[in-house]
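Peer 1: Starting from the given sequences, assemble the full structure and let the hints guide the process.
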Amino acid sequence: MDLPSLLSFKEKFLGHSVFKRQPAPYCHLPPFSKTWDNLQSVWCKRFLEEIAHLETNVKEKYFSRQIKREFKDIEYFRMFWTSIILHRKNEIREMENEITKEQSNENTRSFIEQFESSYKGLDDEKKWILGSGNKVEDIIYKYGSKLKYENLVHSFVLDTDDKKIRDLFSANEWNEILEKNSKKSPKIEPDLLCYITQYRKARISKKLFTNVKDLRKTVSKLCEKTVYDVEEQFDYIWIRNCISNLLTLYEIKPRVFEKSHLERWYDTNIWSSIIDQCMWNLKDVELIRGESCSIASSERKAKNRIMQERKPFGRRGDGVFRMEKGLCEYGAAEHGHLFKGEKDKKFMSDGFKLTRMLRDMLGRFSAELSTEVFKQIEMVGYLHSERMLQIFALDYAEGYMIRLRKGALLEVPKEPVEIDNLLKLMTAVLSSKLRIARTISLLKTPEQSNDLEFAGELSTAGKIERFCSNNRILDLPDPPSSPPSSSSSKKHSSDTKMTKKSKKRKP
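With the UniProt record's numbering, the residue at position 442 of the sequence shown is 442, and numbering never jumps.
Hints are supplied without guarantee of correctness; some may be wrong.
The calculated lysine to aspartate or glutamate pairs, modelled on EDC-like cross-linking and capped at a C-alpha distance of 20 Å, are [stated by the list, open to error]:
id, residue 1, residue 2
1, Lys126, Glu176
2, Lys135, Asp167
3, Lys283, Glu231
4, Lys424, Glu342
5, Lys340, Asp350
To be clear, the hints were calculated from the coordinates, so they are not data collected in a lab.
Peer 2: Here's what the structure looks like:
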């Protein structure tokens, strides 16, 4: 067959109706379409039933099972070592608890033994005998020897705010303890008190902004009336500046006291204006801030020191009142950044630390002053935590006993509406400053002695050995040394490790 005939046959054959392109009857069904909802064919259903049993993703299933198996192995491994580590930690914790119990028992025995030795060294004739015939030192010894923790009674300090100490005595005995050699509160000038009450005029409005505005007007008016004089009107200027500084803080940040701050923030923004600046007119006295060591505590610890031993450091406080050109100390301050109540552990421990510092300062004067002058002086302490302030006064009562008196808790208000609280706090600080000034004047005034006593002192002045007359010295018992805390011991061990490393690095 030739080529033209083949071409004509192809056209006739392909043009037949049987071989024409027809649309597939199942083109609208999978896998030709993605609409699986329209499957109604029996063969499609059977196909789907059969394919459901086939595992087309064998590799993925294998790897997923393998990963799960390995993950379980790792989890078992982790749980195994976690249980071992936890068991070891429990063993270490039990060992540490046993060690701390032993150390606490040793520390308890140590300061009780020191307390007993101090009590045995007391002269029975010099003890404080109450009107009922009871001796205060004996009652304190019976109570303190039973305690398993360190208390102020081990330093022969009577805390008049402690109910347990109060219950040791009858009502008449307690009144006698409070009134014996009690110091009167210094009197503030009536004109100064009237000046302080004038700031209450801005207390009429209860809105914060209006109240601040009225208080600012009051401050500016009182500023125009006062004439500055360093000697006479320093307290007036201090009151005005203190209120003005806090008022600026209220104006710029009205809600500044609704959140807690760090300890340094309170020292810088609040207590520096209230306490530090109030003491500026105390002559030859400086308030040293920043964890300063007490010289009196250092001297008490180094009482029996030999040349080969390192001189011990004194107690560190947040502030120490000290002579600018001397070693005398008149008070201290302790501060915490968070106040959780008067019976909070931190607040109570700071108060205990502050009292021990004041006791060392007062005890330093006992060997230098006559008993009559020593009965008139007192050490002042400031315990401020967050916005709260409590003022301490420590003085000599009688016998071998020191007396601690605590003032009420005072508060820097959150809002200027409560300015009465601020004025009460400032007045209390002003009164405490007068107590310090009274002690300084007593220490600076030379003691008057008659000619016979002075002649006796001159007769012993040429002796080489140290001589002290019995009527001029009151030997107070030394307080027991406080046991070192766990944090301080850890810090000491880390410091020794650092020093060893530094020594090794040296060529």
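Peer 1: Taking each numbered hint in turn, which are not upheld by the structure, reported in ascending numerical order?
Peer 2: none
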